[in-house]
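Keeping the supplied structure of chain A fixed, place chain B upon it in accordance with the hints.
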Amino acid sequence: MSYKDKIDIKQLNVWFGEKHVIRGVDLKIKSNSVTAIMGPSGCGKSTLLRSINRMNDVIKVCKVTGDVFINGKNAYEDNTNVYDLRRQIGMVFQRPNPLPKSIYENVAFGPKIHKMASGKALDKIVEKSLRAAAIWDEVHDRLNDSAFDLSGGQQQRLCIARALAVDPEIILMDEPCSALDPAATAKIEQLIRVLSNDYTVIIVTHNMQQASRVSDYTVFLYLGKIIEEGATKGIFENPQHELTEQYITGEFG
Amino acid sequence: MGSPTKERIFFVALGVPVIISLLAFFWIAATLLTGVGSLNLDMLTTSALKGGAFEMIVGTVYLFAGAAAIAGPIGIFAAIYLVEYAPSGKITRIIDQAINNLAGVPSIIIGLFGYTFFSRQLGFGISLLSGWLTLSLMILPIVIRGSEEAIRIVPTSFKQAALALGATKWKSISLTTLVAAAPGVVTSLILGIARVAGETAAILFTSSVLITRGLPSSPFQPVMTLSFNMYVKIVARGESPENVFGIALILFFIVLSFSLVAIILRVYYRRKQPWLD
Chain A
55 MSYKDKIDIK
65 QLNVWFGEKH
75 VIRGVDLKIK
85 SNSVTAIMGP
95 SGCGKSTLLR
105 SINRMNDVIK
115 VCKVTGDVFI
125 NGKNAYEDNT
135 NVYDLRRQIG
145 MVFQRPNPLP
155 KSIYENVAFG
165 PKIHKMASGK
175 ALDKIVEKSL
185 RAAAIWDEVH
195 DRLNDSAFDL
205 SGGQQQRLCI
215 ARALAVDPEI
225 ILMDEPCSAL
235 DPAATAKIEQ
245 LIRVLSNDYT
255 VIIVTHNMQQ
265 ASRVSDYTVF
275 LYLGKIIEEG
285 ATKGIFENPQ
295 HELTEQYITG
305 EFG
Chain B
72 MGSPTKERIF
82 FVALGVPVII
92 SLLAFFWIAA
102 TLLTGVGSLN
112 LDMLTTSALK
122 GGAFEMIVGT
132 VYLFAGAAAI
142 AGPIGIFAAI
152 YLVEYAPSGK
162 ITRIIDQAIN
172 NLAGVPSIII
182 GLFGYTFFSR
192 QLGFGISLLS
202 GWLTLSLMIL
212 PIVIRGSEEA
222 IRIVPTSFKQ
232 AALALGATKW
242 KSISLTTLVA
252 AAPGVVTSLI
262 LGIARVAGET
272 AAILFTSSVL
282 ITRGLPSSPF
292 QPVMTLSFNM
302 YVKIVARGES
312 PENVFGIALI
322 LFFIVLSFSL
332 VAIILRVYYR
342 RKQPWLD
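As you go down the protein sequences, you meet chains A and B in turn. Offset between the first sequence (1-based) and our numbering: plus 54. Offset between the second sequence (1-based) and our numbering: plus 71.
You may find that some hints are simply not true.
[To be verified] DSSO-like cross-link-like pairs, simulated, lysine-lysine; straight-line CA separation at most 30 Å:
(1) K155/A / K242/B
(2) K117/A / K240/B
(3) K182/A / K240/B
(4) K117/A / K279/A
(5) K169/A / K343/B
(6) K174/A / K240/B
(7) K178/A / K240/B
(8) K343/B / K182/A
(9) K155/A / K240/B
(10) K343/B / K166/A
(11) K166/A / K155/A
(12) K166/A / K242/B
(13) K127/A / K242/B
(14) K82/A / K127/A
(15) K84/A / K64/A
(16) K178/A / K242/B
(17) K84/A / K182/A
(18) K240/B / K343/B
(19) K169/A / K304/B
(20) K161/B / K73/A
(21) K121/B / K182/A
(22) K73/A / K343/B
(23) K240/B / K127/A
(24) K242/B / K117/A
(25) K161/B / K174/A
(26) K343/B / K178/A
Hint data in this document are derived by calculation from the structure and do not stem from the laboratory.
Looking at chain B on its own, in the form it has when it is part of the complex:
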């Protein structure tokens, strides 16, 4: 069997999973689009009490925005510490492993932890705050690992140049390495948001309820969310899936647009990082 034939086989074989993924994506989109009938622009601004989805959309946004605001800074600083300051040794390796483990914890268990610790132990109840804290645990490993990688691929020559000019270690990192790593860091945060925007299990008993009167006026109140709404309608109320396709479509677009933004940012900033070539 000659080489060109082998190459062709590999090309096709490796292309098949790509085709399957694309087909799956479009099938989901197409299915949901059948629900576009039950969706109209009014839904986006009408209250749920009148059949709209306004509070659910805002609730979802409140949740992931708050979780990102918590996990973002913590994750970035953790990544900086792990790459630039942590002494290499047993403790650092244990921390690394712990972060990987956190990423692998099933979301229902994170939700259970959130309920037990934030909602009950700390007394935050079913609230935005509990949701923020719980979801941030899911965003955190994504931000840490993505930021770590973004920081690691920045050439150390930038830092060296800054140090040789008399910069302190922190300045050499913050003014050169972090600036260069910023696109990758931001992308990892966006991907973290995409991960939790549609999260159901983690907010099941920590923050979301079926109906609220208006928007929450404080972080100690619960929220309505798109994912929870779908869950309850199908599981608890036994409604048929088609009824929630409209809601599903909204959520789908929210998550999709975050992923697209992440991709676009990555492509845009890649041109501005010539040292990666």
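With the rest of the complex left out, here is chain A:
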């Protein structure tokens, strides 16, 4: 089995109780790329994202069938260590969610619980992550301040740093800029392009302009099914499917 595809989703179906939210999705994600998942509200974008790092497991009424292969290994196998899986896959949420701790402790949280480092080695990881998230310059002299002292955009970059600190291979972003102002959004979009050099990034977005700015590949999801997917340029310039074209031209939200 070749795994130059970082992620290989096969026949994924997700139900929330009776509601069939993801319907038979097949999707391959390439390494070191940025893939945008877009579609109208409620079509299952977040659910699809959360199926990759099994965050849907915490929802009691959620049922999943199908496979999600990551580096060739099925995340939904019985003997999967879901905690290690989630360490390998970073997640950034729609609204910044810093932990009720200092800036330093936020970033150090992941490495600490996985016993990855301590002392000076941990300090190095924290600095490296904050630099990688393009926020080191703004916080290096106040690492012990509460994370809540930061602005929204800074908090979100802190959350990115926090996700990077555990050395993931994949980063999932669920509409990471929707709660931010344009300036902060621009900073993060810039960051995403840089991150794709070292990580595989999947970003859910409502914002088509953002998808075309930031991603290499785009997936159009509608009512839980993939309607069209491919290189971003192609999708936007030459959509094959009627629904895709309607969505792109704004005929429905």
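Positioned in the frame of chain A, the structure of chain B alone reads:
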């Protein structure tokens, strides 16, 4: 009738109960302060055998400290379980109702239960231990409900962030939710202590006696307490209330300071919880 007038009426009407409560509080304090004459600092350290209140103060402290040490951990873990782990359903609702009922049980009945079960059935007799166990039943619902509320208002986004980093469910709760809820949990424990520090009925026949020789040397011995002392002096000995105002004042200050500490803690930590804004 215009709106501004209505607003004014409501303002005044709602302010009246506040004024009444404050007046009641100050009246009690003032009455007790007439007893400040019979109170001097020596009383706090002199043995009761010589007219002081030392053993009573220590006994009261021993009692509520032990009860808190029992009810605190049990209550906190019960609250965590009820909020984070219990499946929603009939059994959980019954448990919730049972806890509410426990809070409403008159203290004399709790005392009776304590006497029957701890003192007689389990053979602990009139002792600190019986008192601890009995009083913990009164602290427990206060701690459970207060902790539940403190845990519930913590945003779930903290837990989600921890889970997404690969934390186990317990770690995501203990390292984020509980840390954020800690001030509320501690406050509820302090309020529980304030509730039982002056408790009389529950310790009436489970743990307190009028006179002991020195401090208890083991949990199986009884204690002297401030509240029991006042009760006996007035009811059993028919002394006039003024005689015990000194003791009452001590007890009043103990309970008051616990309540004040709870308020101060709440105000102090509120600033450190910006997610509540």
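A quick look at each hint next to the structure:
| no. | hint | in the structure |
| --- | --- | --- |
| 1 | K155/A / K242/B | holds, 15 Å |
| 2 | K117/A / K240/B | holds, 19 Å |
| 3 | K182/A / K240/B | holds, 28 Å |
| 4 | K117/A / K279/A | holds, 17 Å |
| 5 | K169/A / K343/B | holds, 28 Å |
| 6 | K174/A / K240/B | holds, 28 Å |
| 7 | K178/A / K240/B | holds, 28 Å |
| 8 | K343/B / K182/A | holds, 28 Å |
| 9 | K155/A / K240/B | holds, 19 Å |
| 10 | K343/B / K166/A | holds, 23 Å |
| 11 | K166/A / K155/A | holds, 14 Å |
| 12 | K166/A / K242/B | holds, 11 Å |
| 13 | K127/A / K242/B | holds, 26 Å |
| 14 | K82/A / K127/A | holds, 14 Å |
| 15 | K84/A / K64/A | holds, 15 Å |
| 16 | K178/A / K242/B | holds, 24 Å |
| 17 | K84/A / K182/A | holds, 25 Å |
| 18 | K240/B / K343/B | holds, 25 Å |
| 19 | K169/A / K304/B | violated, 62 Å |
| 20 | K161/B / K73/A | holds, 25 Å |
| 21 | K121/B / K182/A | violated, 69 Å |
| 22 | K73/A / K343/B | violated, 41 Å |
| 23 | K240/B / K127/A | holds, 24 Å |
| 24 | K242/B / K117/A | holds, 24 Å |
| 25 | K161/B / K174/A | violated, 51 Å |
| 26 | K343/B / K178/A | holds, 28 Å |
The earlier numbered hints that this structure contradicts are 19, 21, 22, 25.
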